[in-house]
Amino acid sequence: MIIIAPLAKGAMNQADIDRLTDRADRVEIFRDGFGVPHIYAPTDADAVFGMLYAQAEDDFKRIEQNYLWATGQLASVEGPSALASDIRARLFMTRAEAIRAYQSAPPKLRALCDAFADGLNYFLHTHPDIKPRGIDHFEPWMPMYFSEGSIGGDIERIDLKGISDFYLGESAPQVAARVDFDVAPFAEPRGSNGIAIAPEQTASGNTLFLINPHTSFYFRGEIHVVSEEGLNAYGAVTWGQFFVYQGFNEKTGWMHTSTRLDFMDDFIEDITEIDGALWYRYGIEQRPVESLTESIWVLEAGELVERRITLYRTHHGPITRSEGEYWIATAMNWDPVPALIQSFERTKQTNLEGFLEMLEVKRNSSNNTVYADANGSVAYFHGNFVPRRNPSFDYDLPVPGWNPRTDWQGLHDISELVRVIDPPNGWVQNCNSTPFTSAGAFSPERKNFPT
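Under the working numbering, think of the first position of the sequence shown as 157, with each following residue one higher.
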């Protein structure tokens with residue numbers, strides 16, 4: 157039984173205030189004529205402190221909203237309509253699991269997460285006029301929930317109706333609807349555009365790089381962040397994150413487009429109740445269904461009401477819906493520690509070799525990447541996190557989880573994925589489209605990548 161109270165509310169003690177004031181003295185924030193913050197600090201962690209403080213100056217409301225959503229606390233301010241969204245967040249990570257992930261992270265990442273919390277808490281201390289809706293103290297484990305910087309993160313692809321029907325016995329409104337291209341082929345296109353042009357094709361003899369994010373007007377802020385530890389990145393930052401999601405440094409540039417690459421799968425689970433316990437069939441054995449009870453606070457008639465929800469998981473992933481007599485477990489990329497490391501280290505790479513090494517972390521799942529660098533290299537990478545599947549099964553549909561042969565067999569190496577590096581035509585592009593037009597006549601050929 158896990159019972160966790162709503163997010164802590166309370167003022168910092170004097171020791172905390174003194175520590176954060178000392179930290180703030182090490183950070184300089186300068187805003188240019190357009191209002192863009194330029195942050196200078198001695199360490200990466202101090203730079204993150206300034207980065208989050210500056211973001212909060214620009215739009216604290218959206219930062220708080222992102223973390224209420226990501227950490228599964230949205231119903232505490234928006235009421236029952238957000239309960240299914242909170243369940244979805246807790247299915248993949250409870251607060252206790254987020255704390256353990258933070259505690260087990262490498263010291264460098266923990267320092268960045270500490271700086272994230274410090275920057276936001278110092279902002280709230282110095283701006284008593286700001287009245288948070290639900291989070292008035294940020295914790296360093298919170299970024300574990302929010303390593304994905306795109307508009308439609310991986311978890312948002314999981315339908316809330318199925319979760320609501322299964323766990324609440326009722327249908328819920330879609331908090332984060334997405335376009336289904338199979339049923340709405342003429343919907344307004346969404347995503348981003350990226351074009352990289354090598355020096356031999358430019359009048360200046362320099363690489364040209366276009367980053368054209370297609371987002372709502374206020375979805376991300378624009379920041380320049382510099383440290384004495386090699387960080388010098390400029391670009392778009394999703395509110396509340398401590399890395400430049402798409403942008404450039406002195407040597408490299410990176411941007412992301414939406415992908416239709418399949419990186420999630422549903423597994424059909426055959427559930428049996430034996431002596432009051434739930435089991436699922438796997439091969440010739442029965443395995444226990446993992447169950448845990450979460451306490452979710454819901455705003456009802458102006459009061460916070462505790463809802464205790466029992467969540468279920470198998471080794472394939474959390475149970476996200478049922479189909480007839482079967483339960484469905486959803487498998488996707490959820491490993492926040494390496495995901496956050498990859499997202500931050502991406503901003504510090506200085507050449508193609510380092511960028512390729514960073515891609516080996518394989519934790520960017522919902523996006524493609526267009527790349528350019530000062531050495532003249534241009535590249536396109538179609539996805540990054542791609543499960544290795546058994547070709548005997550059709551993973552476009554839920555597959556039988558009781559058959560061990562349907563299990564993922566690790567991840568594909570990045571050298572096996574669709575990509576283009578330094579094509580002879582001297583350019584690459586992607587506009588959320590097929591990779592087979594990414595470099596004109598020098599694009600990858602579909603026949604080499606059977607599905």
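Don't take every hint at face value.
Stated by the list, open to error - Listed below are the simulated PhoX-like cross-link pairs for lysine-lysine, each with C-alpha atoms no more than 20 Å apart in a straight line: (1) K407 with K317; (2) K287 with K217; (3) K603 with K264.
What the hints assert, rightly or not - Using C-beta positions, here's what the derived DEER-type ranges look like: (4) D550 with G439: 19 to 29 Å; (5) E572 with G361: 29 to 39 Å; (6) S451 with P560: 27 to 37 Å; (7) P556 with K603: 36 to 46 Å; (8) I427 with K317: 19 to 29 Å; (9) F549 with E572: 49 to 59 Å; (10) P355 with P556: 15 to 25 Å; (11) E385 with N546: 51 to 61 Å; (12) R313 with M168: 34 to 44 Å; (13) Q565 with T449: 27 to 37 Å.
Derived by calculation from the structure, the hints in this document are not laboratory data. Cβ atoms here follow ideal geometry from the backbone N, Cα and C, with glycine treated the same way.
Flag every earlier hint the structure violates by its number, smallest first. As far as the earlier hints go, 1, 3, 7, 9, 10, 11 are violated by this structure, in ascending order.
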